Amino acid sequence: MKNNYKNYSTIATFIIFLLLWEFISKSGFFNINLFPPPTKVFRAFLESLLTGEFFNDVSISLIRAIFGFAIGSMIGICLGILTGRITIFRLTIGQIAHFLRNIPSIAFVPLVIVWFGIGETSKILLVMWGVIFPVWISTHQGVINIDKHHIWAIKSLGANRLQTLKEVIFYGSIPFIVSGMRIGIAISFITLVAAEMAGAFSGVGYRILTSHLIFRVDKMILGIATLGLMGLVADRCYIIAVKNLFPWVQLR
Amino acid sequence: MQNKMIVRNVEVVYAKDGTKSKAVENVSFNVKENEFLCIIGPSGCGKTTILNTIAGFIKPVKGKILLSGRKITEPTKGIGVVFQHNVLFPWKTVKENIIMGPQINGVSKPKIKKISHYYLDLIGLGKYGNYYPNELSGGMQQRVGFARALANNPEIILMDEPFSHLDALTRKELYEQLLKILNRHKKTIIFVTHDIDEALILSDRILVMSKSPGKIKKEIKNNLPKPRTYKLTTEIGYAKRKKKIMNLLK
Numbered sequence: 001m002k003n004n005y006k007n008y009s010t011i012a013t014f015i016i017f018l019l020l021w022e023f024i025s026k027s028g029f030f031n032i033n034l035f036p037p038p039t040k041v042f043r044a045f046l047e048s049l050l051t052g053e054f055f056n057d058v059s060i061s062l063i064r065a066i067f068g069f070a071i072g073s074m075i076g077i078c079l080g081i082l083t084g085r086i087t088i089f090r091l092t093i094g095q096i097a098h099f100l101r102n103i104p105s106i107a108f109v110p111l112v113i114v115w116f117g118i119g120e121t122s123k124i125l126l127v128m129w130g131v132i133f134p135v136w137i138s139t140h141q142g143v144i145n146i147d148k149h150h151i152w153a154i155k156s157l158g159a160n161r162l163q164t165l166k167e168v169i170f171y172g173s174i175p176f177i178v179s180g181m182r183i184g185i186a187i188s189f190i191t192l193v194a195a196e197m198a199g200a201f202s203g204v205g206y207r208i209l210t211s212h213l214i215f216r217v218d219k220m221i222l223g224i225a226t227l228g229l230m231g232l233v234a235d236r237c238y239i240i241a242v243k244n245l246f247p248w249v250q251l252r
Numbered sequence: 001m002q003n004k005m006i007v008r009n010v011e012v013v014y015a016k017d018g019t020k021s022k023a024v025e026n027v028s029f030n031v032k033e034n035e036f037l038c039i040i041g042p043s044g045c046g047k048t049t050i051l052n053t054i055a056g057f058i059k060p061v062k063g064k065i066l067l068s069g070r071k072i073t074e075p076t077k078g079i080g081v082v083f084q085h086n087v088l089f090p091w092k093t094v095k096e097n098i099i100m101g102p103q104i105n106g107v108s109k110p111k112i113k114k115i116s117h118y119y120l121d122l123i124g125l126g127k128y129g130n131y132y133p134n135e136l137s138g139g140m141q142q143r144v145g146f147a148r149a150l151a152n153n154p155e156i157i158l159m160d161e162p163f164s165h166l167d168a169l170t171r172k173e174l175y176e177q178l179l180k181i182l183n184r185h186k187k188t189i190i191f192v193t194h195d196i197d198e199a200l201i202l203s204d205r206i207l208v209m210s211k212s213p214g215k216i217k218k219e220i221k222n223n224l225p226k227p228r229t230y231k232l233t234t235e236i237g238y239a240k241r242k243k244k245i246m247n248l249l250k
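Chains as they are written, first to last, in this note's numbering: chain A, 1 to 252; chain B, 1 to 250.
Read the hints as simulated data drawn from the structure, not as lab findings.
Values in this document were obtained by computation on a predicted structure and should not be read as measured data.
Watch out, some of these pointers could steer you wrong.
Said to hold, decoys possible - Ranges between beta-carbon positions, derived for each pair: (1) A:Thr87 to B:Lys62: 23 to 31 Å; (2) A:Ala241 to B:Gly124: 34 to 42 Å; (3) B:Glu176 to A:Leu100: 55 to 63 Å; (4) B:Ser28 to A:Thr87: 29 to 37 Å; (5) B:Leu224 to A:Met74: 57 to 65 Å; (6) B:Gly69 to A:Ala70: 26 to 34 Å; (7) A:Lys6 to B:Lys226: 58 to 66 Å; (8) B:Thr19 to A:Ala241: 44 to 52 Å; (9) A:Ala241 to B:Ser28: 50 to 58 Å; (10) B:Lys111 to A:Ala225: 51 to 59 Å; (11) A:Cys78 to B:Arg70: 32 to 40 Å; (12) A:Leu100 to B:Thr19: 37 to 45 Å.
Cβ coordinates follow ideal geometry from the N, Cα and C atoms, glycine included.
Turn these sequences into a full structure, and let the hints steer you where they fit.
Structure below.
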């Protein structure tokens, strides 16, 4: 009952928003070419769907984002466990991380293109770079927050170092890792679009840029809306996956 | 009866911000096989420190601890522990918590299944196997914590004020259940508490501690008749012993 109510209000808000947009766009106060109504954007969507361009762009962008995100997360988790658990790592690479993480990954775009060209490697590397730090910092925080009683408890049950690492250190920091990776998802899209705009032959970011060059504002808006939707869907899927894999994690 | 554990001249020093302070000093006692030993003392007297040292979590600066003749220097599966707070792994279900020990130690799958059924029934939580700890009450969590220690079949179980944050009614229930379980499974137990009733109802022997630095002040044999229930607290012999301990704790 309550859930239905929530769904209806979301849908209603969305419809009102679109109607308002349509109305303002066609009202004559603005240049319709600069501010196209949603119906025109939808036509652009159908057009790009028919040519196969839409599916192509979305899938290539998704693949880049997923690879970069997955590799970045894995590296971030490993580094977080190392710096959280072992003092010498905290004092060495931990300190370097605090320097590196302050550099926006977008700043690396030209450099990465010079080094790796405009192929898939550079896109994935840039996304990876953006994801590593939030995941690293939160994993590190999770590891140092683990209650020492849990570590004592598992050792008293006879666990060796590897079993302690897996059963307590890793699982114990999952709530932190989960929130770090969630931030990582948002960052992957930001970095990816920057990389695709700087040099690529496909992808949603590339499509927004080329639409700009041929002055198709409707296609630009389509690309932007697609990014918003992709981010939303990615976040929802992530939450569902976390709820299924780790039902004990408290999520809102 | 044989000594299961021997603690000799143990001294523990804590260092904080460059200053060192003695937490416990010259602690010596034995625990016999299947004996229930209570350590009672005011808060801050170092009773938890003694327990953590015996378990191998803290290294003493002096003295030694022997379990069945073997020297204890680090945590071992021979010594089970039940803590006061955060007893269970929140990321494991009740069942997974209970079988953690056998699983780590490579017990076969069919045997683990039997163990999980057996101990869930033993603590009366047969229906709660797939629940997560945060879905259980404090009393239930403590029962699972005890079952987890028991399921690993250690030589001795250390319990650190496991019931201190529970309400009186739950506590009373758990005393009786604990005694019933120990009747079926003979176990050597060291139980730390600041509650005189708890010590008198559960123990065979009580060590009374004094503080700064923590020392054992007196040893009291608790030969109140068994089997015991909470009703014991209304008897005259009980009141006498309680008064004696109260005076010692002053």
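Range agreement (Cβ of B:Lys226 with Cβ of A:Lys6, hint 58 to 66 Å) | With Cβ atoms ~60 Å apart, the hint holds.
Cβ-Cβ distance between A:Cys78 and B:Arg70: within 32 to 40 Å?
-> 37 Å, holds
A:Ala70 and B:Gly69 - C-beta distance against the hinted 26 to 34 Å = With a Cβ separation near 52 Å, B:Gly69 and A:Ala70 fall outside 26 to 34 Å, so the hint is violated.
Outcome for the supplied range 29 to 37 Å, where the beta carbon pair is B:Ser28 and A:Thr87 = 35 Å, holds
In this structure, is the beta-carbon distance linking A:Ala241 and B:Ser28 contained in 50 to 58 Å?
-> 55 Å, holds
Can you let me know if the beta-carbon spacing of A:Thr87 and B:Lys62 is within 23 to 31 Å?
-> 27 Å, holds
Is it true that B:Leu224 and A:Met74 lie within 57 to 65 Å of each other by Cβ?
-> 60 Å, holds
With respect to the beta-carbon atoms only, verify the hint that A:Ala241 and B:Gly124 lie 34 to 42 Å apart.
-> Once the Cβ atoms are compared, 35 Å apart, the range 34 to 42 Å for B:Gly124 and A:Ala241 holds.
Distance restraint evaluation - B:Lys111, A:Ala225, Cβ atoms, bounds 51 to 59 Å | Holds - the Cβ-Cβ distance for B:Lys111 and A:Ala225, about 58 Å, lies within 51 to 59 Å.
Consistency of beta-carbon spacing, A:Ala241 to B:Thr19, with hint 44 to 52 Å | 50 Å, holds
Do the beta carbons of B:Glu176 and A:Leu100 sit within 55 to 63 Å of each other?
-> Given range 55 to 63 Å: holds, Cβ gap about 60 Å.
Mind checking the hinted window 37 to 45 Å against the Cβ distance between A:Leu100 and B:Thr19?
-> 38 Å, holds
When held up to the earlier numbered hints, the structure conflicts with hint 6 and nothing else.
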